[in-house]
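Visitor: Sequence:
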Amino acid sequence: MTAQTPPRPPFRDPRLPFAKRIDDLLARLTLDEKVSFLHQFAPAVERLGIAAFRTGQEALHGVAWMGPATVFPQAVGLGATWNTGLVRRVGEAVSKEVRAMRARDDRVGLNVWAPTVNLLRHPLWGRNEEGYSEDPKLTSAIATAYTRGLRGDHPVYWRTAPVLKHWLAHNNETDRATSSSSVRPRVLHEYDLRAFRETVEAGAVAGVMPAYNLVNGRPNHVSPYLGEELRTWTDEELLVCSDAGAPSNLVDHEHYFATHEEATAAALLAGVDSFTDHGTDSTRIVARVHGALTQGLLTEKDIDTAVRRQLSVRFRLGEFDPAHDPHLPAVEFGGTAGCAEFDTPAHRALAQEAAEQAVVLLKNDGDLLPLASDARIAVVGLLADECKLDWYSGTLIHRSTPLEGLYERFGAERVEFAEGVDRVRLRLADGSFLHVPPAPETADEARGAAGALDPALLAGRTDLPPLTADATGTGTEFALADWGEGVLTLRAPDGRYLSVAEDGFVRAAADQPGGWVVQETFRLEPHENGHLLRHLGTDRHVSVAADGVKVAAENASIFELIIVERGTDAVTRVAAAADAVLVVAGNDPHINGRETEDRTTLALPPHQERLLRAARAANPDTVLALVSSYPYAVDAARLPAVLWTAHGGQAAGTALARVLAGDVSPAGRLPQTWYAADADLPDLLDYDVLGARQTYLYFEGTPLFPFGHGLSYASFSYADLATEVADGTLRVSFTVANTGAVPADEVAQLYTRAVEPSAVRPRRELLAHRRLTLAPGERTALTFEVPLSAFEFWDVARGGRRREPGPYDVLAGASSADIRLRTTVILDGEPTAPRALASGSGLEPADFDEQSGIAIVDRTRTAGDAVTPATGGPGELVYRNCDFGTGTTEVTARVAGRGTLELSLDGAPPLAVLTLDEPTADAYTYTLLTAPLPADGVHDLHLELRGPLRLAHVGFSG
1242 MTAQTPPRPP FRDPRLPFAK RIDDLLARLT LDEKVSFLHQ FAPAVERLGI
1292 AAFRTGQEAL HGVAWMGPAT VFPQAVGLGA TWNTGLVRRV GEAVSKEVRA
1342 MRARDDRVGL NVWAPTVNLL RHPLWGRNEE GYSEDPKLTS AIATAYTRGL
1392 RGDHPVYWRT APVLKHWLAH NNETDRATSS SSVRPRVLHE YDLRAFRETV
1442 EAGAVAGVMP AYNLVNGRPN HVSPYLGEEL RTWTDEELLV CSDAGAPSNL
1492 VDHEHYFATH EEATAAALLA GVDSFTDHGT DSTRIVARVH GALTQGLLTE
1542 KDIDTAVRRQ LSVRFRLGEF DPAHDPHLPA VEFGGTAGCA EFDTPAHRAL
1592 AQEAAEQAVV LLKNDGDLLP LASDARIAVV GLLADECKLD WYSGTLIHRS
1642 TPLEGLYERF GAERVEFAEG VDRVRLRLAD GSFLHVPPAP ETADEARGAA
1692 GALDPALLAG RTDLPPLTAD ATGTGTEFAL ADWGEGVLTL RAPDGRYLSV
1742 AEDGFVRAAA DQPGGWVVQE TFRLEPHENG HLLRHLGTDR HVSVAADGVK
1792 VAAENASIFE LIIVERGTDA VTRVAAAADA VLVVAGNDPH INGRETEDRT
1842 TLALPPHQER LLRAARAANP DTVLALVSSY PYAVDAARLP AVLWTAHGGQ
1892 AAGTALARVL AGDVSPAGRL PQTWYAADAD LPDLLDYDVL GARQTYLYFE
1942 GTPLFPFGHG LSYASFSYAD LATEVADGTL RVSFTVANTG AVPADEVAQL
1992 YTRAVEPSAV RPRRELLAHR RLTLAPGERT ALTFEVPLSA FEFWDVARGG
2042 RRREPGPYDV LAGASSADIR LRTTVILDGE PTAPRALASG SGLEPADFDE
2092 QSGIAIVDRT RTAGDAVTPA TGGPGELVYR NCDFGTGTTE VTARVAGRGT
2142 LELSLDGAPP LAVLTLDEPT ADAYTYTLLT APLPADGVHD LHLELRGPLR
2192 LAHVGFSG
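Each residue of the sequence shown is one higher than the one before, starting from 1242 at the first, in my numbering.
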């Protein structure tokens, strides 16, 4: 007798649809097993042969945190390419490296948390580097390309499963876990939701991650928009993964719920399916879910809904069909050698191509660029010999700095270098000097080279000797760089930065500043006749003790700062002897503008500004190359040439050198407005891009450099603009010709503007774009098919989208400000109608046309909006074109809290005053106030709120 092979369960049968297989598997899982799947680290179910699974693998511009990988330009740099085809290829390369790395390290996950589609609304946002653009159309185009590359082309099985970050209206690190973004309906639907929607609708998105912040007073992790909006955009199951620690924040920081059981249940019911909390320890989330079940806050059906969404992603990733998964590198499962692509020549070439395409030429007076091949070049600046990484980078396998790139391209004998750091010694009161002892022979391994599921937990090095006081010599000469706000780094002669490990000792131990809490930054504080040296990571002063230099809460040492050489002197020396000077300035992505820390100014840090002035004074042929995660406000008028590139990954230096040499004509374009001064910016927490006139869409000032701007070594002409409206589409065509002497890329951009809008509309709005390559003299015809829905706006009077009939400008050109062709088309649509207040539905207070001093807040903890004064002062709301019909006699207001509501028409004195003297039980306990209101006809309605009053609804009767 031979034992029969047990029948294959349906969930293992690849012939069945995924939905039926998931049904079968769900029925086999116990409640405890299903609950365990709700944590980020879902355990294996050995009795069913199901492997462990984790959500989340960072892959923003390469595989991050898991050791060496190909490092592409930062996301904002990919956005600056304006090249969807290129970005898709980058996504493909990243996903292939994810698969290859997972084959040798099962910690690498296939559910990738990328891309970030938060719009770059405000340039001081610390995470500006992670987004693509301030424009929702460009952002969704680039994000769609990246997700399609990450997903792969197989009709059934996905190479990786992309999750979009961070839902929703998230552009501040300041108080990010407790601040609320007040987002009016027009901004919500026309701006913030749009980038997510168009990317999800493209069909290559597996899910989203809610952000830490609140929107309209309600945490994103219990956002009703997850159900009301997100999950209506696609028929695919979408997996919603919480941000790290955010489920606990609902109670611990936001105090939105009284218990973790309530919070966990509310998040799951709102649509969160996977809880990223307490690292790899799932016990607390599991206990909270079980507690919610016991209390009747959740049912097993609710658990099944969330688990189904996770299983849907796992089935699409081929986990249950290894023999059919075309992306597996393993030959025994039908894989091919091409499935295991990692650090290939093609990936290296792609990294260089992406870095080249990301370079934006902002100014080039007198055609100073490209540099002559025999030019003597001085390369100066704090970033001239750096290849910086950010928090979401992998570990470099290859590395190219601007200096190295110029050495390679022009020859080392033609390039002189001055970093521009101040060379300093630190002397103590007893005459001894701070000293770095000789280091033993140790492996020089970059931070995070071995990979880490949570790099925030990586420890500093303790295998090197701490600093000491040298009583007999002159101590160590340190390279001091001031990154702004008085934040300093000190580097030893061997290239290692002073850093503090867990034991509190100061060592020359770090290859670069980095870590979740940076341990390599200091501040010099004047004290008596010298300075105290404060370590910013521990907020303690440096103290010289018998067992070495450490940070301590007391006994701070006083140092005299001795300048051996000023950086400006070194810069002046090499600049004066050169034919041209390249100043490489910008930011370190771990300092003064990063996750957890917003910038405070657009200005270039003073140290770097001094270096730029010194170079310019010594040599008028000074080129400024800004290598940064965000825009700066620089004095471009006094410079003949300016370029910008984001931190460009492993090939950044080679790419910049090739652009400077003219081997590549620059064709990057700005993905966001560069403002001229801090005064042009609204408050960081003001999310009303419409009311505050933010971004190129609404900004009424003169930018330093406009959205879409970028110059070339060639010139281009535009001609033959033609339009046609048919079948719900505007067809636009025109020709572009290279009228220059070199082959080059051009980015043709198509914009529109409503000529006679009834409400505030964008001054200019991107409809489409295309990056194309043209040889000298070559001409090509471009055609764009624009759906007429692109001309709609969110009409608050009707609570939906509407295309207004009338004239629309159609504008084609090289940037939002450089328009070469224009015409006007007349579109039909739905005419503007008064807001019918007498119809019985009343007024939703958040549907205002204008506001001053108002915040939108949560009407209840689960749904709806209310309004309240944003600060202690009064707030005003205006509703245009309100129709009171043949007459109303009474107004009713649903309110909570305490305060006064005044109603007036057309700015006249108040017609009705409603006062709530006795405060309600809480912010969600509403009461009705009524007052006479004689009104008829069409008027502008003005509401003024005073006091801590929440207004949820206004009704009219008569």
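Since the hints were derived computationally from the structure, they do not count as laboratory data. Keep in mind it's a predicted model, so treat the numbers as computed, not measured. Don't take every hint at face value.
Claimed, not checked - Here are the simulated DMTMM-like pairs of lysine to aspartate or glutamate, each with C-alpha atoms no more than 20 Å apart in a straight line:
id, residue 1, residue 2
1, K1261, E1442
2, K1261, D1562
3, K1604, D1273
4, K1261, E1503
5, K1542, D1273
6, K1604, E1442
7, K1378, D2059
8, K1604, E1274
9, K1604, D2059
10, K1604, D1820
11, K1604, E2019
12, K1261, E1560
13, K1542, D1904
14, K1542, D1862
15, K1378, E1442
16, K1378, E1850
17, K1378, D1862
18, K1604, D1264
19, K1542, E1726
20, K1542, E1503
Visitor: Among the hints numbered above, which are violated by the structure, and what are their numbers in rising order?
Guide: 1, 3, 4, 6, 8, 11, 13, 14, 16, 17, 18 and 19
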